[in-house]
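Novice: Put chain X on the given structure of chain U with help from the hints.
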Amino acid sequence: MQAVAGSAGGQYPSHRPAAPARFAPGDRVRVRDSAPLGHIRTPFYIRGHAGVIERYCGAFPNPEELAQMRDGLPAQPLYRVRFLESEVWPDYAGRAGDTIDIEIFQHWLERA
Amino acid sequence: MAERSDIGEYQALTYFQLMEVSLRELLVEKGVVSEQAVSEAVEDMRRRGPDSGARVVARAWLDAEFRRLLLENGTRACEAMGIEVPATRLVVVENTPQAHNVIVCTLCSCYPRMLLGIPPDWYKSRNYRSRVVREPRAVLAEFGLRIADEVAIRVHDSTADMRYMVLPMRPAGTEGWDAARLASIVSRDCMIGVAVPKT
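Chains as they are written, first to last, in the numbering used here: chain U, 459 to 570; chain X, 13 to 211.
These aren't lab readings, by the way, just hints derived from the structure by calculation. Everything numeric in this text was worked out from a predicted model, so none of it was measured. Glycine included, C-beta positions come from ideal geometry on N, C-alpha and C. Where hints are given, some of them may not hold.
[To be verified] What the simulated footprint calls covered on chain X by chain U, stretch by stretch (three residues with Cβ under 8 angstroms from a Cβ of chain U suffice, anywhere in the stretch; the number is not a length):
# : segment
1 : 137 to 151
2 : 171 to 181
[As the list claims (entries may be wrong)] Calculated Cβ distances over 12 angstroms to all of chain U for the following chain X residues:
# : residue
3 : Tyr22
4 : Glu77
5 : Arg80
6 : Ile130
7 : Ser196
Just chain U, with the same shape it has in the complex (with noise of 0.2 angstroms):
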């Protein structure tokens, strides 16, 4: 965790204290198969599949924390993760290129 402008920089940089950024764009990761309770971001219908991120978005204040009325700090590195739909739905009718691209933050993130 480090109070810094740009430690987690990119597209949208933070000017909020925010855990550093742990992936880069290409780097293939896994949707952790977990389900606490609360006000959770990250679909059901996601966890457990790997992907490759898309993108880094910026650090956000973790929405978990701020539906319990906390500063949500250090702001969470959130992460644009590409998906491919035949890996998801595994009776998916496309075809085998269509992806779908989800906002996933860190902690829910494993490298692949």
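Specialist: For chain X alone, kept in the frame of chain U given last:
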């Protein structure tokens, strides 16, 4: 006063309507906000419509440098046009001959209101939200949009702090058109990605 659909016939308030009324009345009673401030905020939301988004698209079609900035940092590009996008970050995704983009918020109804105004009801429906991520081609076909097999579909689920807008492809036959005329063919649905502009 929030918009009601009970014109003509009495309907009991739903749970959430009742909660909204109670909260609003309490806030007014305690002097936190005034009725007038609430009305003005509602009117302000209502005033915004997809014409701002259409102006942004038309400018991107005409100005390569603006298009580059828009794709790199949508928020800054909009601010350069005098369109404020408070508190959210705009990501613009570009349709190409190889890829078609479509936007959804599966968790709730996140939507680029500053550019497109209030979202249509179908955007918030469970039907659209649950199906467009799972069978996007079938959903687009129901909107009358058939995407060729050789074109990849890119669905974008707005789950956190970004908001999305689709930059459609400029249709053939619009050579020499000015910005206003180009903007006139860019509908809300084109910028969500469930339609494409037609001449």
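Novice: Now tell me, hint by hint, if it's right for this structure.
Specialist: Hints, verified against the model:
| no. | hint | verdict |
| --- | --- | --- |
| 1 | 137 to 151 | holds (count 6) |
| 2 | 171 to 181 | holds (count 4) |
| 3 | Tyr22 | holds, 35 angstroms |
| 4 | Glu77 | holds, 18 angstroms |
| 5 | Arg80 | holds, 14 angstroms |
| 6 | Ile130 | holds, 22 angstroms |
| 7 | Ser196 | holds, 30 angstroms |
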